[in-house]
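K.L.:
Read top to bottom, the protein sequences are chains G and F. Heads up, the numbering used here is the position in the first sequence plus 1, with the first residue counted as 1. Heads up, the numbering used here is the position in the second sequence plus 100, with the first residue counted as 1.
Keep in mind that a hint or two might mislead.
With a Cα cut of at most 25 Å, we get these calculated DSS-like pairs of lysine-lysine [to be verified]:
no.	chain 1	residue 1	chain 2	residue 2
1	F	Lys307	F	Lys329
2	F	Lys103	F	Lys218
3	F	Lys171	G	Lys213
4	G	Lys213	F	Lys307
5	F	Lys171	F	Lys103
6	F	Lys218	F	Lys256
7	F	Lys103	F	Lys256
8	G	Lys213	G	Lys118
9	G	Lys213	F	Lys256
Pulled from the structure, derived: some chain F residues nowhere near chain G, Cβ distances all over 12 Å [claimed, not checked]:
no.	residue
10	Arg127
11	Ala156
12	Lys171
13	Cys173
14	Leu233
15	Asp242
16	Gly265
If you only want the chain F side, here are some residues facing chain G, beta carbon under 7 Å, derived [as the list claims (entries may be wrong)]:
no.	residue
17	Leu174
18	Phe178
19	Ser232
20	His264
21	Glu270
22	Glu275
23	His284
Source of the hints: derived by calculation from the structure; they are not laboratory data. Glycine included, C-beta positions come from ideal geometry on N, C-alpha and C.
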Amino acid sequence: LVFTEEDKYDLYSNLLFKYFLAEGIVCGHDLLVASAKEHPDNILKELPAPLLDDTYGKELGDEAAAVKSEDFQDSMKIAWRYQNLPKMEASPTTYTKFGHYYDISKKMSPELYQSVKWHSFYLHEELSFEPKMKTCNMNSGYARLLQSIQRIISQEGFDGSDPQKKQRNVLRIGIQSLGSVLWGDDVCCSDTPEDMHSLTKFLYVLRGLLRKSLSACIITVPAHLIQNKAIMERVTNLSDMVVGLESFIGSERETNPLYKDYHGLVHVHQIPRLNSLICDVSDAKDLAFRLKRKLFTIERLHLPPDLSDTVSRASKQDLAGSAKLLSSGCGAMAMGKKHLDF
Amino acid sequence: QGKFTLLRDTRTDGSFLVHHFLSFYLRAGCKVCFVALLQSFSHYNVVAQKLGVSLAAAKERGQLVFLEGLKSCLDLLFGEEEQPGQPSPLQFLSTSDLRALFDFVRVSLTPAGGDSWKSPVLLVDDLSVLLSLGAAPVAVLDFIHYCRVSVCCQLKGNVVVLVHGSEDSEDEENELVVNSLCHHSDLILWAEGLATGFCKDVHGQIKIIKRLSLRQAAQQDLVQIYQYKIQDRNVTFFARGLSAAVL
């Protein structure tokens, strides 16, 4: 269960969401797209087109030649494992063939996305149906979504209930802007919402459904709107992987020279620890993303060389301060709020 | 015997302690009731096999009673109407009442005729999820109290419970539960992430607090601190600063 905290204007997390779905189409997985904001048909039309290996390989080769070899040029590869969760792979120079690349300036062709079986759930269309399951005091929008997911899983046999089916496929579920007001949840509206538990109950049941079937799910949540931090902590506990995207638009970091090449930061708050005592923690803790014309990449953040002579003391401290914040950024292992004096 | 052990984690994942206790008690021949709310049976099974215990076999011979929370909640929500005499242990999802869960625990650990297991053990992973699912903190504390009376005092067994929480957490309900449980525990194992940040060789530090002050008035609690590194099949502990990477 991948939990993505949206950036403020939902530009970049939307991209991540679309990548997840596009990868599903290219791999031939079934899709279920749920949203209360946009109609899923529109979402599907906006998916990026996959790049054929040879053209992309050439482009990458040109780019790599133009860049110094000692740079940490991690291209983004979102590698998908079948038992649920995406693992972020940051291999510097070898482009392993796991996952596909996409060109975001082009849209995916209708034949391609119609070649897989996809289901949609648009909340405002479903409001007329009454949920048949016990809602357990959960928000009715969430209850309907759960019912829909459960129905698709059992009807299409993703939970192994149909032994006749020889070819087992994976279901990719994408849920957009969960927890926002559009779903009927007031978690984003106030510090003490009326219904504190709908979101967490929903996630728990969803987790149960995912564990029981061959599916993977990505959720985007406008975390910056949720004022009650207790809920965010509980939600983090209930998810397998938690990634936060912080974009620089509109914040003072936009003009900070530290970040001039990037459009935002990626915070990995939690990584999955399934079927094993340990989890696969990569070395790279400071990740930033950047949106180029055709590509969305996630790279290791590195400080640019401090070449200017007229750097004033104040801005130097500023840079140092944000660098410290960066290196203690991964909350999965530890988060040192105390600044160490050297 | 008759001890209440609290497993606590802060800023890191303490579930390796749960896996340890599970395989430890199974190997010791105790009857274990495992309330597994957060992960599926196969997850625990795979890890337990790496630690040398087969959960499936233990379930077969009746040594392990496994409540798989995720599966039970699906049955509760999407299954057919349950029989009136047998409420689902996860009924608190709709009624916020943890009594059915307690009854489940009590029934599974009460020795049946023909059982030759040693003292019963209740293992819970993890208690903080109950709060997320709508139970009130007082209800959770009551549940634990009932379990203690029944398992520790009446059945002379042990209870091991995992909670999440940090000292500066914003989740007040959770903090309430954790603090209260800390006061009543005989042994606290507290796994924390390192304050200085992430390190590849030292995954965290564990504080072992033996609450001697509970049993005898003048005694002070004994606190030991070790650091640990988690590997695929076991966890190595060492004194602070003496990690193998440093020596």
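K.L.:
Each hint should be assessed against the structure and marked as holding or not.
P.N.:
Consistency of the hints with the structure:
Between lysine 307 of chain F and lysine 329 of chain F the alpha-carbon distance is near 14 Å, which keeps this suggested pair within the 25 Å criterion. Distance restraint check for lysine 103 of chain F and lysine 218 of chain F: the Cα-Cα separation of roughly 15 Å lies within the 25 Å cut-off, and the hinted pair is therefore satisfied. At most 25 Å may separate the alpha-carbon atoms for a hinted pair to count; lysine 171 of chain F and lysine 213 of chain G meet this at roughly 8 Å. Between lysine 213 of chain G and lysine 307 of chain F, the direct Cα distance comes to roughly 36 Å. Violation of the 25 Å bound is thereby established for this hinted pair.
Our distance criterion of 25 Å between C-alpha atoms is broken by lysine 171 of chain F and lysine 103 of chain F, whose separation comes to about 30 Å. As the CA atoms of lysine 218 of chain F and lysine 256 of chain F are separated by approximately 10 Å, the hinted pair is consistent with the 25 Å bound. A threshold of 25 Å between alpha carbons decides the hint, and for lysine 103 of chain F with lysine 256 of chain F the separation of about 8 Å falls inside it, so the pair holds. A distance of roughly 20 Å separates the Cα atoms of lysine 213 of chain G and lysine 118 of chain G; the hinted pair therefore holds under the 25 Å criterion.
For a cut-off of 25 Å, the pair hint linking lysine 213 of chain G to lysine 256 of chain F is broken: about 36 Å separates their Cα positions. No beta-carbon of chain G comes within 12 Å of the beta-carbon of arginine 127 of chain F; the shortest separation is about 17 Å. Alanine 156 of chain F, annotated as away from the interface, keeps every beta carbon of chain G farther than 12 Å; the closest lies near 15 Å. At roughly 7 Å from the closest C-beta of chain G, the C-beta of lysine 171 of chain F falls inside 12 Å, breaking its exclusion from the interface.
A Cβ of chain G approaches the Cβ of cysteine 173 of chain F within 12 Å, the least distance being about 5 Å, so the stated non-interface status is violated. The beta carbon of leucine 233 of chain F is not kept farther than 12 Å from every beta carbon of chain G, the shortest such distance being approximately 6 Å. At roughly 18 Å, the least C-beta separation between aspartate 242 of chain F and chain G is larger than 12 Å, which holds for a residue marked as non-interface. Under the 12 Å C-beta cut-off, the non-interface status given to glycine 265 of chain F relative to chain G is violated; the minimum distance is some 9 Å.
Hint on leucine 174 of chain F holds. Least Cβ distance to chain G is approximately 5 Å, under the 7 Å limit. Proximity of phenylalanine 178 of chain F to chain G holds as hinted, the smallest CB-CB distance being about 5 Å (cut-off 7 Å). Interface restraint check for serine 232 of chain F: the shortest CB-CB distance to chain G comes to about 4 Å, inside 7 Å, so the restraint holds. Given hint, histidine 264 of chain F at the interface with chain G, holds; its Cβ is 6 Å from that chain's nearest Cβ, closer than 7 Å.
Among the interface hints, the one on glutamate 270 of chain F holds; its C-beta lies about 4 Å from the nearest C-beta in chain G, closer than the 7 Å criterion. For glutamate 275 of chain F, the shortest C-beta to C-beta distance to chain G is roughly 9 Å, which exceeds 7 Å, and the interface hint is violated. Interface hint status for histidine 284 of chain F: violated, as the beta-carbon distance to the closest one in chain G is roughly 23 Å, over 7 Å.
Comparing the model with each earlier hint shows violations of hints 4, 5, 9, 12, 13, 14, 16, 22, 23; every other hint is respected.
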